[in-house]
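Protein sequences appear in the order of chains W and A.
Position in the first sequence (from 1) plus 293 gives the number in this note's numbering.
Position in the second sequence (from 1) plus 1497 gives the number in this note's numbering.
Hint data in this document are derived by calculation from the structure and do not stem from the laboratory.
One thing to keep in mind: the hints can contain errors.
Chain W is faced by these chain A residues, among others (derived, beta-carbon under 8 Å) [to be verified]: (1) MET1498; (2) THR1508; (3) GLU1532; (4) GLU1535; (5) ALA1538; (6) ARG1539; (7) LYS1546; (8) SER1550; (9) PRO1552; (10) GLU1554; (11) HIS1566; (12) GLU1574; (13) ILE1647; (14) ASP1653.
Just so you know, even glycine gets a beta-carbon here, dropped at the ideal spot from N, CA and C.
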Amino acid sequence: MNFLRSIASNLIKGPVPGDAGGEGAPSEISDAELVDRCKEGDYGAFDLLVTKHRGRVYAMIQNMVKNEADSWDLAQEVFVKVWKALPRFESRAQFSTWMYRITHNVVYDWMRKRKMDVAGDLDDNLLDREAIAAGAHATPARVSRPDEALSQGEVRANIENALEKLSPEHREAILLREVQGLEYKEIADVMDCSLGTVMSRLFYARKKLQTLLINI
Amino acid sequence: MKNDRKEELLTRWMDDGLSENELKELEPILASSPELHEERARFLLLREKLRDSVPREVDPPFPDYFNSHLEKLVKAESKVPESEEGLGAFAAFNRRWLWWMAPAVTCAVVFAFLLGMKSAQSGDTSSRLVDSGASSEVYSPLTNVSTQVILDRDSDSTLLVVEGLAPLSDSDLALDAGFFDGRHGYYVNVKETY
């Protein structure tokens, strides 16, 4: 049974489709069909749905929380919530957008809880490099030769550092738009805000990223 | 032009998502700030690097375990709402019937009590009375004393009920033979009793 499920999982995973929802590829069972089967209590269909989407959910969470173990647990929590809320899911909406919305809620709940847990113990802002005076001896000095080309690994590290410096809202807007490829309206649905707020967040997040990554 | 509108147009311009009319609307801004073209070109380059560096999809560590562990969680979670719903329904039922059930239970208790009293008064011992001791004799010189012998075969015992006596000790009671040397003597013929 597990062997068959494994084969089915690999078949269903396949290549990443071009659209954000992962729907419409002819060789795959559509999300809508899997959702319908889940609503009838078919856990096998839910397992396929998880296998199909866990990569995107995990990547999104990991880029937000920057911790592998927490990301794993939070991704589990997302799918538990998805399973519980599936009977209320209206098929008019796109499953992937709805799933990102649940991911958003889980991540923000975790952030709020973590903020309360660390309150009084340690102020993370004290360790923020930007908060240290530019001329202080503690500031790491990095002098790059103008002709120095950064390796791909360095570029990635710089981009990840820059993303970390964005506010969670700006980071999420950038990730949903530039990495996950969601439309503006979908981002507004996921982040539970107006379209205008999405445009504003994208505008300032892009500007900040460009400033932070001016050397690459 | 309002700032919000400007931000929206510039954001969509970066994404190549403006219509002809919107592009015309943005032209004065682009004309007054030529550096925006350079900014856009740099952003498009940055976007490419961002997409190369930040994967859209990352399988979680131990993906098979991810699914099997999730299945356990889901099954555990699925049981909780059911039992909670059950408890909730039971609690709602209790709340609904509480005001009716309390007087009903009180009436039932009173009724049972009265029934018990009535049963005791009607000498319900007859059900346990196998033989009224017809073959036994109880003699007392006092006329105001009434006696009753109750034989219970099941428990292999005899109950002698004597009413109208002054309190007496065990030594006042003589069994089997003669009169006792007390002030009041009682003789019980135990022949054919057991």
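Results for each hint:
1. MET1498: Result: violated, 14 Å to nearest chain W Cβ.
2. THR1508: Result: holds, 5 Å to nearest chain W Cβ.
3. GLU1532: 12 Å, violated
4. GLU1535: Nearest chain W Cβ about 11 Å off; hint violated.
5. ALA1538: Where the cut-off is 8 Å and the nearest Cβ of chain W is about 11 Å from A/ALA1538, the hint is violated.
6. ARG1539: Because about 6 Å separates A/ARG1539 from the closest Cβ in chain W, which is inside the 8 Å limit, the hint holds.
7. LYS1546: Result: holds, 6 Å to nearest chain W Cβ.
8. SER1550: 4 Å, holds
9. PRO1552: A/PRO1552 check passes; min Cβ-Cβ to chain W is 6 Å, inside 8 Å.
10. GLU1554: Nearest chain W Cβ about 4 Å off; hint holds.
11. HIS1566: OK, holds: A/HIS1566 within 8 Å of chain W, min 7 Å.
12. GLU1574: For A/GLU1574, the interface hint holds, since the closest Cβ of chain W sits about 6 Å away, which is under 8 Å.
13. ILE1647: 68 Å, violated
14. ASP1653: 66 Å, violated
The structure is inconsistent with the numbered hints 1, 3, 4, 5, 13 and 14, although it conforms to all the rest.
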